[in-house]
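Residue numbers (the working numbering), protein chains in the order written: chain A, 1 to 560; chain B, 1001 to 1282.
Calculated from the structure, these hints are not laboratory results. Please note: incorrect hints may appear among the correct ones.
[As the list claims (entries may be wrong)] Not close to chain B: a few residues of chain A, all C-beta gaps over 10 angstroms, as computed:
1. Glu80
2. Asp393
3. Ser396
4. Met440
5. Asp481
6. Asn518
[Unchecked claim] Computed list of lysine to aspartate or glutamate pairs in EDC-like fashion (alpha-carbon distance at most 16 angstroms, straight line):
7. B:Lys1203 with B:Glu1134
8. A:Lys224 with B:Glu1280
9. A:Lys152 with A:Glu115
10. A:Lys184 with B:Glu1280
11. A:Lys435 with A:Glu415
12. A:Lys550 with A:Asp477
All values derive from a computational prediction rather than experimental measurement. All C-beta atoms in this analysis are idealised placements derived from N, C-alpha and C, irrespective of residue type, glycine included.
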Amino acid sequence: MNILIGGAAGQGMDTIAYLLGKALVREGYGVLTAKDYMSRVRGGHNFTKLRVESKTPFAPAEEIDILIALNEETYEIHRESVVTAGRIIFDSDMFALPEVEKRGVPVPLQTLAKEAGGKIMSNTVAVGAALSLMNTSTLQADELLREMFDEKTAAQNSAALAAGLKNVERDSCFSMPPATNTGKHLFLAGNEALGLSALASGCNFLSAYPMTPATGIMAYMAGKQDQLDIVVEQAEDEISAINMVLGASYAGARVMTCTSGGGFSLMVEGLSLAGMTETPVVIIIGMRPGPATGLPTRTEQGDLDFALHAGHGEFPRAILCATVLEDAFYRLNKAFDLAEKYQIPVLFLSDQNFGDTARSIEPYDFTNLRYNRHLVNVENLERPYLRYRYSRDGISPRALPGQFPGETVLSDSDEHDENGNIIENAVTRKNMMDKRLQKMVPLADEMDEPIIYGHDSGNILLLGWGSTYGALREAVDILQDEGLKVTLLQFTDIWPLPVAAVNKLLPQAKVSFCVENNATGQFAGLLRRETGLSTDHKVLKYDGRPFLAKEIIREVKKHV
Amino acid sequence: MCKAGDYLAQGTAWCPGCGNFSILEALTEALAELKLSYHEVIMCSGIGQAAKMPHYVRLNGFNGLHGRALPPAVGARVANTSLKVIVESGDGDTYGEGGNHFIHNIRRNPDIAHFVHNNQVYGLTKGQASPTSEEGMKTGVQTAGVILPPFNPLTVALTMGAGFVARCFSGDKDHLKETMIAAITFPGYALIDILQPCVTFNKLNTYAWYKQRVYKPEDHNPSDWQAALTLSRQWGDKIPLGIIYNVPHPTFESHFPVLQGPPLATRPFNPANTSHLQNEFL
Chain A
1 MNILIGGAAG QGMDTIAYLL GKALVREGYG VLTAKDYMSR VRGGHNFTKL
51 RVESKTPFAP AEEIDILIAL NEETYEIHRE SVVTAGRIIF DSDMFALPEV
101 EKRGVPVPLQ TLAKEAGGKI MSNTVAVGAA LSLMNTSTLQ ADELLREMFD
151 EKTAAQNSAA LAAGLKNVER DSCFSMPPAT NTGKHLFLAG NEALGLSALA
201 SGCNFLSAYP MTPATGIMAY MAGKQDQLDI VVEQAEDEIS AINMVLGASY
251 AGARVMTCTS GGGFSLMVEG LSLAGMTETP VVIIIGMRPG PATGLPTRTE
301 QGDLDFALHA GHGEFPRAIL CATVLEDAFY RLNKAFDLAE KYQIPVLFLS
351 DQNFGDTARS IEPYDFTNLR YNRHLVNVEN LERPYLRYRY SRDGISPRAL
401 PGQFPGETVL SDSDEHDENG NIIENAVTRK NMMDKRLQKM VPLADEMDEP
451 IIYGHDSGNI LLLGWGSTYG ALREAVDILQ DEGLKVTLLQ FTDIWPLPVA
501 AVNKLLPQAK VSFCVENNAT GQFAGLLRRE TGLSTDHKVL KYDGRPFLAK
551 EIIREVKKHV
Chain B
1001 MCKAGDYLAQ GTAWCPGCGN FSILEALTEA LAELKLSYHE VIMCSGIGQA
1051 AKMPHYVRLN GFNGLHGRAL PPAVGARVAN TSLKVIVESG DGDTYGEGGN
1101 HFIHNIRRNP DIAHFVHNNQ VYGLTKGQAS PTSEEGMKTG VQTAGVILPP
1151 FNPLTVALTM GAGFVARCFS GDKDHLKETM IAAITFPGYA LIDILQPCVT
1201 FNKLNTYAWY KQRVYKPEDH NPSDWQAALT LSRQWGDKIP LGIIYNVPHP
1251 TFESHFPVLQ GPPLATRPFN PANTSHLQNE FL
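Excised from the complex, chain A in its bound form (with noise of 0.2 angstroms):
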């Protein structure tokens, strides 16, 4: 079942998809939305897309069952993709359907509302004429109202609800799937399971200047400085957004900044700057089509490069990244343990199809979630205390200012002595660059091999990383229904990159693919210079918009 919400900006289509989807999920129903939106704050076409079946699904269809048309250009642009059995839910207050239309379910959604109480209440009567096409009762929404809004408000609610529930025939309604999710289920987006995160994580300081698609992580944390220990700040730029957050870690605290490319480009002396002082700090990139302000609200995998080779000089990092709510929620939580382990920076690369996509899952397990400061404590203190003490596996003490009474700690962006001193004398030089490059040895074994996915090792091998997952799930399974070995390896951990998996897979296969929302084939080029391997095709999209599991079969299959 699909259901499509679309109107101008600002007519509240994320109310609507967040009301139906919630009560939906609480019926016991999987759910996925997804949101494709204008970088404007009225008018404009945008949509949400909810699908709903037994199980959760990963990626959002095609074909429309139900179009829900706030205004007129809706109909106009989705009504080829609603299904011959389709129906359209209208605003007939607003607008007609030309005669010819016979999938059309006129409601009197304005005067519904004002009938509830107030015009406001449109987007509720939708939300009724919706579960009743879908043949649903409107108790669990009737419940959510409850909990949104004060006893009055919610009593309109309630009634504008019964209202659109009462205008639709109920013999025009669809037979739905059963609902199998048994036991609560979440219902969130990705920038919000990267919130959470975070806050569980121990994240005491974000400092971030807004910049679609991570503003959501911002304003999410920011909206616990009332429950948890964690201080949120808008920056006057993301330079300081950066520095800030390492002179906090450098103080203590463990930190993170969320931007998209624009703002990371600002961010990169910062970047270095923690190279060299090896403080701790996560990064999260919501990436968006580029260059400069490119496409602000759309997706795009364009930044691996970028975050592979930003920052002057040669230092240490880690590259994680957001595949799957499931997974996205531990990973990040890695990123803040791998940041304070080897003292470097983590870039956790997240992007808008990830971030906007919210679904159903299972309730995240909080007692699964790391928590070690890696802190140098009073028993293994050597003295004098050294910051940059060299140490076998580069890893020095870190000692926080004020730690030991007596002891100082000092951080310099200046090549440095083990003291932090400012030096220039060469053998200084090397040494401290051996240190910090030695890292990358112990870190490149705690990278995650890729979730294998289909097949164990099928003919067919296919590779990804990111938020591409769940499209490319979905082609695996239509594939295999087909009859087809397909093996997925999707990578959630990129850099140091790890190869195991991929150097037994790639080789044994027919024929392989590198599915990527880019242009360029970024993370192909990383697999060949890590590897020297390539796979025989590479399948990119860079319009902006996430892939369709449909958009992979049919590369795919021409060349099966």
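Since the structure of chain A is provided, determine the placement of chain B on it from the hints.
Leaving out everything else, chain B in the frame of chain A:
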């Protein structure tokens, strides 16, 4: 208890006769008078001759990037409010490369003492104009003389709402020390613009040039903002020294209830205790 000399760490890379030496002395004397131990202070700096200060004192130090001394200092305050934070930077570092941070941290008002070594020239890069260079000053880059009017840090600070604005002269060390003590103990962002000669690159604003012009206004009321503004604009034949404005207002830190307890850096944490956060998504 530490004596002033105990705060000295290692030999400096400054030119003989540099104004930085007396600034360093005044600072160590101020720290000794305030009875601050080495581990109780964080000094943040950017890049430049002034910004090398963390290497010459025995304190916690974060010697970051050019222009970026203030943001890490704010971060350090968030992480640990039990530590004093002092920022040392030059005129180019603070008013040029770091101009945006200067403006917005005055608005933010973190509890930081900011000592700007203002020698009206770029020292580390060998003598180019700084934002505070006099119009007409010729340099290897500004070959026909500086064409931009100088940046006035005191006026900017006052108009942005700074609570503590002062000017000192490196040639008057005792006055500088007393003003530093006032700045370090001031609750909020405290700026001292410290005039200092650059004996190597600034042949215009020499020790003698400053000495002839600086004076301490006798009946200035540092809680009178209008009078402070007028004083901040005085430059040329007479250059006023001293605390020209001193009226505290709520600090950045005071707005966060979470920062009122023990330092954020050392609070215990257990991820399992945050699992209730996911309930709102059920």
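Here's how the hints hold up against the structure:
1. Glu80: holds, 35 angstroms
2. Asp393: holds, 24 angstroms
3. Ser396: At roughly 16 angstroms from the nearest Cβ of chain B, A:Ser396 sits farther out than 10 angstroms, so the non-interface label holds.
4. Met440: holds, 24 angstroms
5. Asp481: holds, 32 angstroms
6. Asn518: Given that every Cβ of chain B is farther than 10 angstroms from that of A:Asn518, nearest at about 30 angstroms, it holds.
7. B:Lys1203 with B:Glu1134: holds, 11 angstroms
8. A:Lys224 with B:Glu1280: With a Cα-Cα distance of about 12 angstroms, the restraint between A:Lys224 and B:Glu1280 holds, given a limit of 16 angstroms.
9. A:Lys152 with A:Glu115: Holds, because 15 angstroms separates the two Cα atoms, which is no more than 16 angstroms.
10. A:Lys184 with B:Glu1280: Between A:Lys184 and B:Glu1280 the Cα gap is close to 12 angstroms, so the pair holds against 16 angstroms.
11. A:Lys435 with A:Glu415: holds, 12 angstroms
12. A:Lys550 with A:Asp477: Given that 16 angstroms is the threshold and the Cα spacing comes to 11 angstroms, the pair holds.
Checked against the numbered hints listed earlier, the structure breaks none of them; every hint is satisfied.
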